[in-house]
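Engineer: Taken in order, these protein sequences are the chains called A and B.
End of the first sequence sits at 452 in our numbering; the numbers just go up one at a time, nothing left out.
End of the second sequence sits at 452 in our numbering; the numbers just go up one at a time, nothing left out.
The set of hints was computed from the structure by calculation and includes no laboratory data.
Take the hints with a grain of salt, since some may be wrong.
The list makes no distinction among identical chains, and a pair is therefore deemed to hold if it is satisfied within one copy or across any two copies.
[What the hints assert, rightly or not] As a list, the in silico EDC-like pairs of lysine to aspartate or glutamate whose alpha-carbon atoms are at most 20 Å apart:
id, residue 1, residue 2
1, Lys234, Asp412
2, Lys228, Asp157
3, Lys92, Glu127
4, Lys261, Glu424
5, Lys261, Asp289
6, Lys92, Asp57
7, Lys231, Asp318
8, Lys408, Glu437
9, Lys261, Glu154
10, Lys231, Glu292
11, Lys234, Asp289
12, Lys150, Glu257
2 protein chains.
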Amino acid sequence: MARIVMKFGGTSVADLDRIRNVAARVKREVNAGNEVAVVVSAMSGVTNALVKYCTDLSPLHDAREYDAVVATGEQVTAGLVAIALQEAGVDARSWQGWQIALKTDNAHGKARIEAIDGATLIARMQMGQVPVIAGFQGIGPDNRVTTLGRGGSDTSAVALAAAMQADRCDIYTDVDGIYTTDPRIVPKARKLQKIAYEEMLELASVGAKVLQTRSVELAMKQRVRVQVLSSFGNDNLLGSDLPGTLVVDEDEIMEQAIVSGIAYSRDEAKITVRRVPDRPGIAAAIFGPLSDASVNVDMIVQNVSADGTTDMTFTVGRADLARARAVLDAHIATIGFAEILSDADVAKISVVGTGMRSHAGVASTMFKALADRGINIQVISTSEIKVSVLIAADYTELAVRALHTAYGLDAA
Amino acid sequence: MARIVMKFGGTSVADLDRIRNVAARVKREVNAGNEVAVVVSAMSGVTNALVKYCTDLSPLHDAREYDAVVATGEQVTAGLVAIALQEAGVDARSWQGWQIALKTDNAHGKARIEAIDGATLIARMQMGQVPVIAGFQGIGPDNRVTTLGRGGSDTSAVALAAAMQADRCDIYTDVDGIYTTDPRIVPKARKLQKIAYEEMLELASVGAKVLQTRSVELAMKQRVRVQVLSSFGNDNLLGSDLPGTLVVDEDEIMEQAIVSGIAYSRDEAKITVRRVPDRPGIAAAIFGPLSDASVNVDMIVQNVSADGTTDMTFTVGRADLARARAVLDAHIATIGFAEILSDADVAKISVVGTGMRSHAGVASTMFKALADRGINIQVISTSEIKVSVLIAADYTELAVRALHTAYGLDAA
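Take the sequences, apply the hints, and build the full model.
Structural biologist: Shown next as structure tokens:
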């Protein structure tokens with residue numbers, strides 16, 4: 041017997057057939073003797089349509105009204121899944137955020153969860169009833185409906201799993217787990233049985249967009265074991281019986297590979313600010329204005345100084361490139377650079393693994409593998425469990441495949 | 041300065057242009073110095089789609105889940121109208137049933153309003169804010185969302201007007217008021233400036249389906265002055281400036297006509313149970329089983345007895361005819377009739393007016409007008425303010441026109 045939170049995203053509840061499929065999956069867990077709570081997103085397309093209503097009426101709409109409008113998508117799904125479960129003979133009832141209550145702060149449109157009363161839900165589960173909870177929403181201190189921001193249902197599910205002291209939070213998605221890299225690029229990519237929270241965070245933020253970063257952070261903080269698995273299978277739409285990937289504390293992973301996965305992102309652009317004076321405060325002079333303009337800066341490299349000036353290279357989101365250049369141009373007087381070079385035709389390749397904390401030579405394996413293919417490294421940045429390089433975008437697939445092989449990740 | 045509740049139905053908020061139109065109308069009332077609250081239905085088509093989801097998943101779905109699902113339609117409209125009002129420069133916020141709170145009983149799907157906390161809404165209006173309230177919904181004693189049944193937004197509006205001590209409840213509809221009869225049949229039909237609650241009830245229940253009967257009953261009980269008017273006008277979709285029809289206490293109507301309107305209904309069918317024993321309890325033996333089968337019986341006529349038996353004639357809804365016959369056939373042993381005759385090809389014509397309480401000769405005017413056109417009367421029934429006859433359906437238009445003229449209702 042286990043207590044499980046099952047979360048289904050928009051494509052998993054896109055129509056009534058899929059909702060019946062969800063009910064059948066839930067029933068299977070209930071029949072296996074588990075205590076189950078369900079968290080649902082809006083039917084796919086619904087949230088976008090509701091958002092469009094709001095933005096069409098007013099680009100600068102009241103976020104509190106936006107929340108009241110868009111939160112309805114999940115309420116509909118929660119009611120429908122409860123009906124489908126009852127029809128399948130499973131005791132169930134729907135819960136909206138304010139009914140639980142799932143309390144958030146007042147930041148409408150991107151609220152943060154502050155407290156969840158799990159006692160009532162636990163009592164219902166112990167009575168054999170399945171709570172079907174509208175994800176993505178809560179109630180603010182102003183007694184109004186709040187939403188957690190796009191993709192917030194993952195965060196709802198993890199937070200509810202923590203509040204209900206669940207043994208596991210199963211996130212049903214379009215994919216059947218977390219792979220060592222993108223299987224579209226590397227056919228020999230393997231599904232990971234387990235991955236550490238920290239690795240998942242690094243992989244999610246650099247391209248493997250399976251779980252919302254925030255939900256992984258919350259899972260790590262609250263020590264919630266998260267399983268990513270597919271809601272679509274071959275057996276009569278009942279979903280695959282294959283296990284997905286467990287996202288857990290690294291202590292739970294016995295045989296930790298040195299490198300767990302290879303991630304890539306083509307959403308980056310490189311900027312080099314040439315010949316800036318090499319003086320204290322120069323980094324602040326460059327990155328302060330960018331931050332003020334909400335431009336996120338990622339990799340930063342400062343070359344050694346020559347003749348009292350230096351070059352500063354960094355990456356920004358590709359969509360922010362023009363804005364970043366404009367911001368820097370506007371501050372030429374305070375920064376004092378010679379020129380700005382930029383290149384949107386780059387890719388960031390990262391190798392990720394908690395095992396590299398205790399292993400030397402991870403970076404040099406990377407550099408050698410890339411050099412052997414004649415791939416030039418433009419920028420390097422490292423963290424405790426990740427090494428990232430910036431290369432020309434044309435070499436993305438070649439680089440990912442080479443690294444996947446070099447770290448022994450290829451399936452047999 | 042007046043305090044006004046403005047209620048907009050589904051077609052009035054069917055798309056964003058119409059929602060902007062609603063906002064412009066509300067703004068006009070606000071700018072005129074009035075305190076305004078708005079009650080909205082779901083965008084047209086939305087409720088039907090949500091209902092279909094529920095019934096497709098389970099014909100016998102849980103009414104509590106049905107309520108959670110279908111109530112979302114009004115929540116969306118309330119949020120959108122609030123956004124449109126803010127965009128138009130009017131301070132506004134949306135309210136869901138549970139936020140007000142609008143408390144109902146536990147009869148999910150057809151809940152009755154028990155109490156409304158009007159104080160908060162009044163305070164907001166006095167601050168210059170327009171409450172935009174999701175109609176059709178409330179919160180039950182189980183802390184779950186309830187709905188008031190189809191068309192319940194009219195009832196919401198009237199109940200809220202009473203709770204907020206509003207001077208008037210304006211119901212915006214597809215029509216621009218209440219007419220002396222159906223203008224499609226009688227081009228000379230006149231719009232009534234005022235009509236008494238009792239008259240409205242009789243007209244609504246026999247065919248002039250403008251206001252939900254329940255909302256009129258509530259308005260009468262709570263003495264809420266209701267105005268029916270059109271949300272569509274000629275001046276740039278901003279709605280007509282013509283006044284609609286006020287539904288008020290009859291004391292408020294100075295020059296009460298003897299007959300206010302002529303109503304008709306072709307949704308009836310006539311049943312005659314032939315040669316039932318003329319004994320005490322025979323009416324109960326016939327109508328008890330029909331009532332148990334939820335068949336509504338309207339006009340009832342019992343002929344004088346001859347040879348110890350009598351004929352019982354009555355009308356039922358046309359859709360219920362087959363069921364009513366089957367119920368009676370099943371009870372032939374306890375009733376003991378000779379045969380059942382039925383006719384679905386009938387129409388019920390009613391003349392309605394509170395003035396007839398104090399005037400003689402109203403019925404005979406009706407009978408003479410029909411006789412002059414060679415129209416045979418099959419059944420007659422009368423109430424304090426109404427005379428109804430059943431005639432062959434073919435004569436419907438002829439009869440309505442003749443009566444409209446006979447009672448002096450034709451426009452000059």
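Engineer: Determine for every hint whether it applies to the structure shown.
Structural biologist: Hint-by-hint comparison with the structure:
no.: 1; hint: Lys234 <-> Asp412; in the structure: neither (31 Å within a copy, 91 Å between copies)
no.: 2; hint: Lys228 <-> Asp157; in the structure: neither (45 Å within a copy, 64 Å between copies)
no.: 3; hint: Lys92 <-> Glu127; in the structure: between (34 Å within a copy, 15 Å between copies)
no.: 4; hint: Lys261 <-> Glu424; in the structure: within (18 Å within a copy, 74 Å between copies)
no.: 5; hint: Lys261 <-> Asp289; in the structure: within (10 Å within a copy, 65 Å between copies)
no.: 6; hint: Lys92 <-> Asp57; in the structure: between (26 Å within a copy, 14 Å between copies)
no.: 7; hint: Lys231 <-> Asp318; in the structure: neither (47 Å within a copy, 84 Å between copies)
no.: 8; hint: Lys408 <-> Glu437; in the structure: within (17 Å within a copy, 94 Å between copies)
no.: 9; hint: Lys261 <-> Glu154; in the structure: within (14 Å within a copy, 46 Å between copies)
no.: 10; hint: Lys231 <-> Glu292; in the structure: within (17 Å within a copy, 78 Å between copies)
no.: 11; hint: Lys234 <-> Asp289; in the structure: within (9 Å within a copy, 74 Å between copies)
no.: 12; hint: Lys150 <-> Glu257; in the structure: within (16 Å within a copy, 45 Å between copies)
This entry does not satisfy hints 1, 2 and 7, going by the numbered hints stated previously.
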